[in-house]
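Colleague: Protein sequence lines correspond, in order, to chains A and B.
Under our numbering, the residue at position 74 of the first sequence is numbered 1108, and the numbers go up by one with no gaps.
Under our numbering, the residue at position 70 of the second sequence is numbered 123, and the numbers go up by one with no gaps.
Quick caveat, the hints were computed from the structure, so don't treat them as lab data.
Glycine residues also receive a C-beta, built at the ideal position from the N, C-alpha and C atoms.
Hints may contain errors.
Said to hold, decoys possible - With a straight-line Cα cutoff of 25 angstroms, these simulated SDA-like cross-link-like pairs (lysine to any residue) come out:
| hint | chain 1 | residue 1 | chain 2 | residue 2 |
| --- | --- | --- | --- | --- |
| 1 | A | Lys1071 | B | Arg168 |
| 2 | A | Lys1071 | B | Leu173 |
| 3 | A | Lys1052 | A | Pro1209 |
| 4 | A | Lys1112 | B | Arg89 |
| 5 | A | Lys1054 | A | Ser1219 |
| 6 | B | Lys113 | A | Thr1188 |
Claimed, not checked - Sample of chain B residues at the chain A side, in silico, Cβ under 8 angstroms:
| hint | residue |
| --- | --- |
| 7 | Gly66 |
| 8 | Lys67 |
| 9 | Glu75 |
| 10 | Gly80 |
| 11 | Leu83 |
| 12 | Ala84 |
| 13 | Thr103 |
| 14 | Ala104 |
| 15 | Ile123 |
| 16 | Ile151 |
| 17 | Pro152 |
| 18 | Val169 |
| 19 | Gly174 |
Claimed, not checked - Chain A residues, not near chain B, derived (Cβ > 10 angstroms throughout):
| hint | residue |
| --- | --- |
| 20 | Pro1041 |
| 21 | Arg1043 |
| 22 | Lys1052 |
| 23 | Gly1059 |
| 24 | Leu1203 |
| 25 | Pro1209 |
| 26 | Gly1213 |
| 27 | Glu1221 |
| 28 | Arg1227 |
| 29 | Phe1230 |
| 30 | Lys1248 |
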Amino acid sequence: MSDIPPPTRMNQQVFKGKKKAASSGHRLLKKKADALKVKFRDYAKAIAETKGSMASDTSAAFFSLTAATYAAGDFHHKVREGNMRARVRVGAGVDNVAGVKLPVFTQLDTGGGQQAESLGLTGGGSKIDACRTKFEGLLTALVKLASLQTSFVTLDEAMKVTNRRVNALENVTIPKIEGILDYISRELDELEREDFTRLKKVQASKEEKIALKKKEEEEE
Amino acid sequence: AVATAPQKMESEGKLVAVIGDEDTVTGFLLAGCGHRTAENQNFLVVDDSTAPDKVESAFKEMSGRSDVGIILINQHIASTIRHVLKDYNATIPTVLEIPSKDHPYDPEQDYIMQRVNMYLGGGQD
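Please model the entire structure based on the sequences and the hints provided.
Modeller: As structure tokens, this is what we get:
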């Protein structure tokens, strides 16, 4: 700290006010950090569960794809042919959680035509449909997982920032203000004592003068 | 739910991109993710003959597009561009690593799961 504030009563009031503001800010931030922590824990649990089920959903989906290929022949290239418009899209929304804006994905179906017909092929149609259904389900689960994941990461950042601010207040700002308040009250006490001493001295010398005068008058 | 005209939804909704082996891409294209126009497409099939640079540039291109919301990528392919993914910080598009037919899910390779487990297991501030 480069400039030390002059130890006046007004400054004492000013810094008392600052301490109050910092303390209540600290309290509020701590509350926010705790709320975020709870949410974070919820998200962490949800992600752990979802990733586990996602693993098994995925292998089921690939299994059905193998079955479909076996029944209908190789349609990998057919699926990738030509221009296409995505039937499934995701809406990127924002959710406000404990004061933090978290990104959220919602699945949108544009309802465009399915390319199914051209893949129908001989006797593989139903297997391909089954495969499609599996992958559609998997996709829905993945969109949800993506939501959880981005929210998790964003929450993590928000928590770090909030904790940093709490620590800064606790370890730097408030002790500094308290230090200044201590200094000011010590200085004010010292000034009072100086004042008191000065007064006493003035009084003493006045009394001396009076006593001296009296003596002079008596001698005359 | 309110029924929105397909055109409006197309302009509001973002795409799900896929970088994966042939089976993965086929599966998600079947589910309706695929989008290809004269300018670009939102999927890349990666096999043993694909150069790692191609994967890297495809990822960079897709992650730079404002109309892509999620990028699905097989975990074993993600590992080949781990250096790029490590530095990737954007919220959207979100990168989601998924297992493939031949490479089942390995939580140790998943950065997010590492964080989750660290938090649930070790406890964080």
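Colleague: Please go over all the hints and tell whether each is borne out by the structure.
Modeller: Evaluated hints:
no.	hint	verdict
1	A:Lys1071 <-> B:Arg168	holds (14 angstroms)
2	A:Lys1071 <-> B:Leu173	holds (12 angstroms)
3	A:Lys1052 <-> A:Pro1209	holds (12 angstroms)
4	A:Lys1112 <-> B:Arg89	holds (14 angstroms)
5	A:Lys1054 <-> A:Ser1219	holds (17 angstroms)
6	B:Lys113 <-> A:Thr1188	holds (21 angstroms)
7	Gly66	holds (3 angstroms)
8	Lys67	holds (5 angstroms)
9	Glu75	holds (5 angstroms)
10	Gly80	holds (4 angstroms)
11	Leu83	holds (4 angstroms)
12	Ala84	holds (4 angstroms)
13	Thr103	violated (15 angstroms)
14	Ala104	violated (19 angstroms)
15	Ile123	holds (5 angstroms)
16	Ile151	holds (6 angstroms)
17	Pro152	holds (5 angstroms)
18	Val169	holds (5 angstroms)
19	Gly174	violated (10 angstroms)
20	Pro1041	holds (38 angstroms)
21	Arg1043	holds (41 angstroms)
22	Lys1052	holds (27 angstroms)
23	Gly1059	holds (19 angstroms)
24	Leu1203	holds (15 angstroms)
25	Pro1209	holds (20 angstroms)
26	Gly1213	holds (26 angstroms)
27	Glu1221	holds (39 angstroms)
28	Arg1227	holds (46 angstroms)
29	Phe1230	holds (51 angstroms)
30	Lys1248	holds (77 angstroms)
Hint violations for this structure: numbers 13, 14, 19, all remaining hints satisfied.
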